[in-house]
Structures are given as structure tokens and as C-alpha cells.
Amino acid sequence: MSSNDRFESREFKVVGTRPLRPDGLDKVTGKAQFGADVTAPGMLHGAILRSPHAHAIIKKIDTKQAEKLEGVHAVVTRTDFAKDVDNTDVLDNCMAGEKALYDGHAVAAVAATSPSVARKAMKLIKVTYKVLPAVTDVDMAMGADAPILHDGMQTEGLEKKSRKPTNIAQRHEFGHGDVDAGFKQADLIVERSFTTEATHQGYIEPHACLANLGRDGRGELWCCTQGHYYVRELCADLLGLDESQLRVTASEIGGGFGGKTTVFIEPVALALARKSGRPVKIVMSRNEVFRASGPTSSSSIDVKIGVKNDGTITAAFADLRYQGGAYPGSPVEFGAMSAFACYNLENVKTIGWDVVANRPKQAAYRAPGAPMAAFAIESVVDEIAGKLRMDPIDLRLKNAAAAGTKASFGPVYSDIGLIRTLEAAKNHPHYSAPLGPNQGRGIACGFWFNFGGQTSVSLTVNADGTVGVAVGTPDIGGSRASISQMVAEELGIEYSQVRALIADTATLGFNDVTDGSRVTFATGLAAIEAARNAAKIMCERAAKTWGIPSDAVVWEDGHAKPVSSNAGDFEPLSLKDIAASAANTGGPIAGHYEINADGAGVSFSTHIADVEMDPETGRAEIKRYTVFQDAGKAIHPSYVEGQFQGGAVQGIGWALNEEYIYNKDGQLQNAGFLDYRIPVASDLPMIDAVILEVPNPGHPYGVRGVGETSIVPPLATVANAISAAAGVRMTSIPMSPPKVLEALDSVLIAEAAE
Amino acid sequence: MSQIHVSTTINGDPVEYLCEPDDTLLDVLRDRLSLTGTKEGCGSGDCGACSVTIDGRLVCACLALGAEADGRKIDTIEGMAEGEKLHPLQEKFLEHAALQCGVCTPGFLVAAKSLLEKNPSPTETEIRYWLAGNLCRCTGYDKIIRAVMDTAKEMKGKRKGKKS
Chain A
4 MSSNDRFESR
14 EFKVVGTRPL
24 RPDGLDKVTG
34 KAQFGADVTA
44 PGMLHGAILR
54 SPHAHAIIKK
64 IDTKQAEKLE
74 GVHAVVTRTD
84 FAKDVDNTDV
94 LDNCMAGEKA
104 LYDGHAVAAV
114 AATSPSVARK
124 AMKLIKVTYK
134 VLPAVTDVDM
144 AMGADAPILH
154 DGMQTEGLEK
164 KSRKPTNIAQ
174 RHEFGHGDVD
184 AGFKQADLIV
194 ERSFTTEATH
204 QGYIEPHACL
214 ANLGRDGRGE
224 LWCCTQGHYY
234 VRELCADLLG
244 LDESQLRVTA
254 SEIGGGFGGK
264 TTVFIEPVAL
274 ALARKSGRPV
284 KIVMSRNEVF
294 RASGPTSSSS
304 IDVKIGVKND
314 GTITAAFADL
324 RYQGGAYPGS
334 PVEFGAMSAF
344 ACYNLENVKT
354 IGWDVVANRP
364 KQAAYRAPGA
374 PMAAFAIESV
384 VDEIAGKLRM
394 DPIDLRLKNA
404 AAAGTKASFG
414 PVYSDIGLIR
424 TLEAAKNHPH
434 YSAPLGPNQG
444 RGIACGFWFN
454 FGGQTSVSLT
464 VNADGTVGVA
474 VGTPDIGGSR
484 ASISQMVAEE
494 LGIEYSQVRA
504 LIADTATLGF
514 NDVTDGSRVT
524 FATGLAAIEA
534 ARNAAKIMCE
544 RAAKTWGIPS
554 DAVVWEDGHA
564 KPVSSNAGDF
574 EPLSLKDIAA
584 SAANTGGPIA
594 GHYEINADGA
604 GVSFSTHIAD
614 VEMDPETGRA
624 EIKRYTVFQD
634 AGKAIHPSYV
644 EGQFQGGAVQ
654 GIGWALNEEY
664 IYNKDGQLQN
674 AGFLDYRIPV
684 ASDLPMIDAV
694 ILEVPNPGHP
704 YGVRGVGETS
714 IVPPLATVAN
724 AISAAAGVRM
734 TSIPMSPPKV
744 LEALDSVLIA
754 EAAE
Chain B
102 MSQIHVSTTI
112 NGDPVEYLCE
122 PDDTLLDVLR
132 DRLSLTGTKE
142 GCGSGDCGAC
152 SVTIDGRLVC
162 ACLALGAEAD
172 GRKIDTIEGM
182 AEGEKLHPLQ
192 EKFLEHAALQ
202 CGVCTPGFLV
212 AAKSLLEKNP
222 SPTETEIRYW
232 LAGNLCRCTG
242 YDKIIRAVMD
252 TAKEMKGKRK
262 GKKS
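If you read the protein sequences in the order shown, they are chains A and B.
Going by the working numbering, the first residue of the first sequence is number 4, and it counts up by one from there.
Going by the working numbering, the first residue of the second sequence is number 102, and it counts up by one from there.
These aren't lab readings, by the way, just hints derived from the structure by calculation.
None of these values were measured; they are calculated from a predicted model.
Incorrect hints may have been included.
[Unchecked claim] Under the rule of at most 25 Å between Cα atoms (straight-line distance), these lysine-lysine pairs were calculated in the PhoX-like manner:
hint: 1; chain 1: A; residue 1: K390; chain 2: A; residue 2: K311
hint: 2; chain 1: B; residue 1: K259; chain 2: A; residue 2: K34
hint: 3; chain 1: B; residue 1: K186; chain 2: A; residue 2: K34
hint: 4; chain 1: A; residue 1: K67; chain 2: A; residue 2: K164
hint: 5; chain 1: A; residue 1: K16; chain 2: A; residue 2: K62
[As the list claims (entries may be wrong)] Computed far set for chain A versus chain B, every beta-carbon distance over 10 Å:
hint: 6; residue: K62
hint: 7; residue: K71
hint: 8; residue: Y132
hint: 9; residue: I207
hint: 10; residue: G259
hint: 11; residue: R289
hint: 12; residue: K401
hint: 13; residue: E615
hint: 14; residue: Q653
hint: 15; residue: L677
hint: 16; residue: L687
The C-beta atom is built at its ideal place from N, Cα and C for all residues, glycine as well.
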């Protein structure tokens, strides 16, 4: 048993049920307040002027005419931010310095009495650019003659530093064993190259914030974010403020998926508020969201896998190249780490290249880096199954990672659920259902690390016997419900007696961002421990009331009870009884817990898709889709299913339609929901969600994060299904109709040639 | 440019306002009348988050002008419940966990209500096509479609009950 082992098997009363979410009523009646829904007295409207060029030197910015316009109260440029900051790339991304590095890069901002005056003022700002050649493709950005974004950049992670400046920020390598020796043992080797285009998280709520900041350095910020503590840290740095003086409140958040884990407009609104002396609101347009928030990477990947005739993988290799936009930090490291995480391999090596290009700086997108890697690897595994005439699930079962497997990224797995998901898929009616004409079935597996992280929770027992829980992780998918369930379970009270809310940065200890599928795991863990601490105090109060030692009292079923009849014969005291007399037994009762949680518990899933292809148009339609995923323990099964379904559909969109399209000058051509097409209701069938529960040893109830893994398999699952239907291996995503038609034509041409 | 005086009815209440000729109905609802339940997701009629009805017709408020509301009846998410009593769709969305972040929810509810008024017994396919103009990025639509199907079934049951 390791120090991380917290799991204890038990019967649950509240956990595993499906109560209504506490924020539900406000959300179905329109009362919930999202980022753009608040105003302040005297508020101004901010707007951001953006570069029309993908790569240009900013020679001069003349703001005089804009400042003179009636109704304009402040104009800011880079000079209005702190000079010496820790987060230089974040600052440069929020407001360009010497160069504009992508189409949509912020260069100046104004605050005015109305949005229309702000728009007029922006037209009066004169920016003189020297336009430079741009590069948006990852392989071209790595080329010897590519335009260089950052003159001083050298590749980290190379044994020998490059002399010439480069767009390759870093090289990563993972693996173990000897892949060359492993390939020599193989009876069959399959090698292929793949590409994926960048996609956007596509949250429906654009970034929005309301800022107030005085010359005394004290400020308030309201914004939609996945992590208001991180927003505070970044904004304080970029504006030269003390963190204690900036209070950040997270609004209701209209989707994030990783894209709201950093700042874009928040420092700009604060700078405008400081300069104008008035509250300033900024709301991004959808065009700005696409051009200037943080989509994910595009990628180019080579895979080589060798197998014995019985299906045993002898060696596996992948070279992954991800462009992460204009600054270092693409999720290629996660891609290289996760690529072969589903397999038990003796010889495995992955190399990842982090590349910069003239695109917006990428931000996290649900299991960042993993879906593209899984697309490439799971496609090759599928091809191998076909060549060996093996069932694709059997081939995966033959090589599947299990407890004790040394993962390709280093650690040895404890209890994991991959095999359970594969077996559940194999035994599910979907897997053996007949297929119609032009239909194909695909399967693929996915992995995600999951995260724990820094977490504070504070819990108060009210005099009427109800309980308040303050957490610092914004609720993006129902976590207030699951946290309340865990607290109710632990304290032995009704779910309706608990109210969870998201505290602001000034009233609760530090919390990492809502990311890494961490909230139900880490905040849940801290909430359970906070409840246990409150229960301990309540036992002490009961002991005091009864005049017995506090260690002679236990907390059971919502009551303090003598530990045995030896301790005395007392009627158990309920939480409500103890709460009512708290003033006389020592004052208010509270519990809190702070932790940097590890033991998040890795997560696996297997997906099955049936796709029908229209040979005339090349359109692929999802006819049936089933998700099998290990949740550890599903606290609120409806919201677990929701995570499985939502992730699967985002992955389907990525696989079939979604892509960033740039022209040769590096300007984004489809910055709107009409031309960047996310899945709509009529594109889809129901998404069946099968929850498996292999308890995570690192959580008291066995919880694993569930939010991200569901987006990892769909790219490969859909590609394998289309490949089966089309009779040709699909290697480029999105598999939009023209690409599918092209693939079909290649089959016809090949057949005609025979 | 002088402002336009508009007399209209919103969620059954008489309302008067002044607006710019180029203010959209969405701008007016959110910024002038503080009816922020109607959301802006795109401003171009692609996402449906600002769905409202004008004289019973489903529209994107971002594609209508504030001035067009004059003499018409506008219904928004804020008028869907009657006091404490939720519309059956609102109940079913909660029961089916048909929302995660909830920002698209007002638009879906207004659009679904409009569907059930026209077609009380829609098929799954009819629901999917009617709601194809409303984007949701969290749920994959599964639970939303189920909530609407279940509402239609329950409302049909109640109508039958009333007749007999």
C-alpha cells in the first residue's frame, strides 16, 4: 500500500445517485450570470485592435486621433503594461510588442462609452507595419528556409545546440528498451504518416470580463475562466500588481474545454480600467475567439509498429511534430508521452517536436496533445489487425497495458481499466450488430493521465444543520452537484442540505485551474477530508456535551455516537443537534482541507463507431457510437455520461469537419461557426455511454477524472470506420467530404490500373 | 443619428425603450433591458444561443433589429416559467441533465418550446433537425434530445388526460 492509497470500499447512499444540480434552476430560467452578463456603474466598453497581418514588425502606433474622439476614455498599447514580467509570452500574446505574430494579434485597445464609439476609435488608431513572410504549416515551419518568428530561438533538448535561429522550440524523447532490436524481431512492420488540422474548443460563450482597477493598485475582476487564481497570478504579473490587491471572481462559465485556462482580454481590461479610472468590460466577438484565443495544435506524425504473426508488438516508434502557434508550449510532450500508453511494450520510443508558427498561441484542449497521437497510433494498430486478419479488439487485448505494466512515459501502472473497456466493447451488442451497405465499423482506445494539483476547500456547518462548501475550482460540467454529493455522503446528511459555491480568490486558499479532469477527484477529495475534519470537531462537541473523552466518540450516519457501550450510554447527536448548540460548545463549526493532490489515477476508454459513407459526395455520417470508459467511481452518473458523450462528439467534429483554414498569407479564412462547422444535432445519433468502475486507489471513493479521455479515441475510431467503409486507409484529418472523395478515387484508380 | 422610440410587449409586459437604428434586438434585450438570459454566442445567427420569438416566430435576436420589435410580442427565456412553475421543458432539462455549462440552454429551451407548439409529437429526427440551428458544445446533444422527447411524451399524456 503506497502513501497515496486512500480508497476504502463502502456502500454509498448519495454517491452514485442522480440528484438535480444546484445551479440548474438559474440556468434553465436565464438567471445564471455568465461572463458578459454583469455591468457596473459608470462602466466603459473596451475593444481590441488586432493585426490583419500574420507576421509583421510594428513600426509605429499613433493613437492621437482615437484619444481625441468624444466618448473615448483610454487607449492602451504595450507600453501600458509592466516592463519586467515573469510571463513574457503571455504578455506578448495579450498585447504585441515589437512584432505581430499572427492574424488577430492584439496591438492596441480602447475604452469608450459605448461599443460603437469604441469601434469608431479603433479605426482612428494608425499602425504602421512592415509585413514579413508567414508560415502556418508545422512541417514548413521546421524547414531550413522558413520565416523565423523569434530571432533568438534555439531548440531545447538537443545534445548540440543549433547555431541558426529556428522555429523548433524543443525536442522531447520518451520510451524504453531497444526499438531497433525490436523491429528486427518483427514479422510485420507497418509505417505510416498522418496529419491533423488545428481545431478550436468551440465553447459557446466568448471570453468576457469586467475589470476595475484604481491608481492605488487595488482591483476587482469578474470573468469567465477555468481558473481565477491563475488569472490573478497572470494579471498581477502583467500589470505589476500585488496578488492580494486583485480580487478575481469566476462567473458562470459557458464552456471551456481547456481554452479558458489562461488570459487574453483580462489584462487588457485591467489596463484600460486603470488608465480611464472607470470599470471596463470587454467581450470577445466570435471572430476574435477563433482568431485570437487558444485553439489546439495542428500535427504531423510518423508511426512505425512491428508485430509478430501472433499479434505481439515487438517495437513501436513515433515522431510527433506539433505547432503550438506563435510561442513555445504545444502539447507535443503530452502527445509523445501518451502515444503508446495503452500498450504493454518492451521496446518503445517517441520523439516530440514543439514548433512555433504564425498562428494564435495554442491553449489546452481536452486531453491536450493526446487525440492526434492516438489517431496515428490507433490507425496503424487497426491496419496491423487487418493485415494479420485478427479482430482489432483481440489484437489490443493481446498487447493491452494492465496493472504492473511499465508505461511508455515512465511509471508503472496500478489498477487500471483498459482491459475492462475492451472486454465490455467486445461483449456489447454494438460490436456484433450487422452493418449496412457503405458502412464501416471502427474501434480505438484512448488514454489520459488525469491531474490532481493544489486544492483548498472550506466547509461550514450552519446553525440550522445545513452545510456550505466553498471550493475554488470553477464548475464547468456539474461539479457543484458531485462535490455536494460527496459532502452529504461523508456527513450522512441529505444532498439538499449541502450548498457548494465557487469562492473568489480573496476568500479561499489557492486552487489550481479546473483542468486535467481534476475537480471531482481533487476538489472532491479535499471536500471529503474537510467534511471529515468538521465531523471530528462535531465528535469533540458531543464528547464535551456528554463529558467523555473525544476519542470515545465516532461519526456514523450523520450522528456523533459513543464508540461503544463502554464509553457510556448516550443518545446519538445528529449534525443538526450539534450545530444548534454550537454557540454553547465552543463556537462555529467548520472544516477545511488543503492539499497538493497526487494519485489522480490514469484513465482509459474504448470507442466503437459505425459510419456510413456516401460514395457520391464523400460525406461520412455517424450511424451508431458507443463509449466505454473507466470512471473509477461515478459520483453523478448523468454528468459522467455527459462527459463521455460531449468528448466523443467534440472528437467526431475534429475527425469529420473542424479545421483552421489559412490562406497563403497566414490569414484565417473561416473565423465563424458557419465556416468552422462544429457538429449539430442533426449530424448525430444518440451516443451510448457505458460507465465502468475500476476504483482509483488515490481517492477515498475511488474517483478518476472523466472529462478528457473521451476526446482521445474518436479521431481514430471514426478514421478506422471510414477506412473500413472506403477500403482505403485515411491518414489526414479532418476527413471532410473532399478528402473522402479523394480517397475513394484513389481506390478506383488503383482498381482500374489492375 | 437620432434614437428610435419603440413600444413593445416582452414576456407579456408592456415595454418602451429608445434604441439606435443599428442596435440588434439582442443588444436591446441584454444591454438596455438587462434581460441577459438571452445569450450571444456568435452575433451572426449561427449558434442559436439568442433564440427568442417575435409574434410566436422563432428567430435569432442577433439577426433582428431592436426597432423591429415595435408593436410586436417578444418572448424570451425569462418569460418561460410562470412564477415558480417551470415549463415542462425546463423541468425535463434539469431531470435529464441536459445541460452542462448551461450557456446554450436558454436558446435550446426557447427553440424546443417553439417546436412543440407547432409539432406536439415530433420524431427524434424532427427534433434533431429543428434544433440543428442551436449549437451545444458540452453534451453531444444526446440528453437534450432525450429531454425534448420526454417532454413531448409527457405533455401528450397530459392532453389526453384532459380530454378523457
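Checked hints:
1. K390(A) <-> K311(A): holds, 12 Å
2. K259(B) <-> K34(A): violated, 28 Å
3. K186(B) <-> K34(A): Cα-Cα ~15 Å, so holds.
4. K67(A) <-> K164(A): Violated, because 45 Å separates the two Cα atoms, which is more than 25 Å.
5. K16(A) <-> K62(A): violated, 66 Å
6. K62: It holds; K62(A) is separated from chain B by about 33 Å at its closest Cβ, greater than 10 Å.
7. K71: For K71(A), whose nearest Cβ neighbour in chain B is about 20 Å away, the distance exceeds 10 Å, so it holds.
8. Y132: holds, 27 Å
9. I207: violated, 4 Å
10. G259: violated, 8 Å
11. R289: Given that some Cβ of chain B is not farther than 10 Å from that of R289(A), nearest at about 4 Å, it is violated.
12. K401: Answer for K401(A): holds, closest chain B Cβ roughly 31 Å.
13. E615: holds, 15 Å
14. Q653: Non-interface label on Q653(A) violated, nearest chain B Cβ at 7 Å vs cutoff 10 Å.
15. L677: violated, 5 Å
16. L687: About 6 Å separates L687(A) from the closest Cβ of chain B, which leaves it inside 10 Å; violated.
Going down the numbered hints, you'll see the structure goes against 2, 4, 5, 9, 10, 11, 14, 15 and 16, while the others check out.
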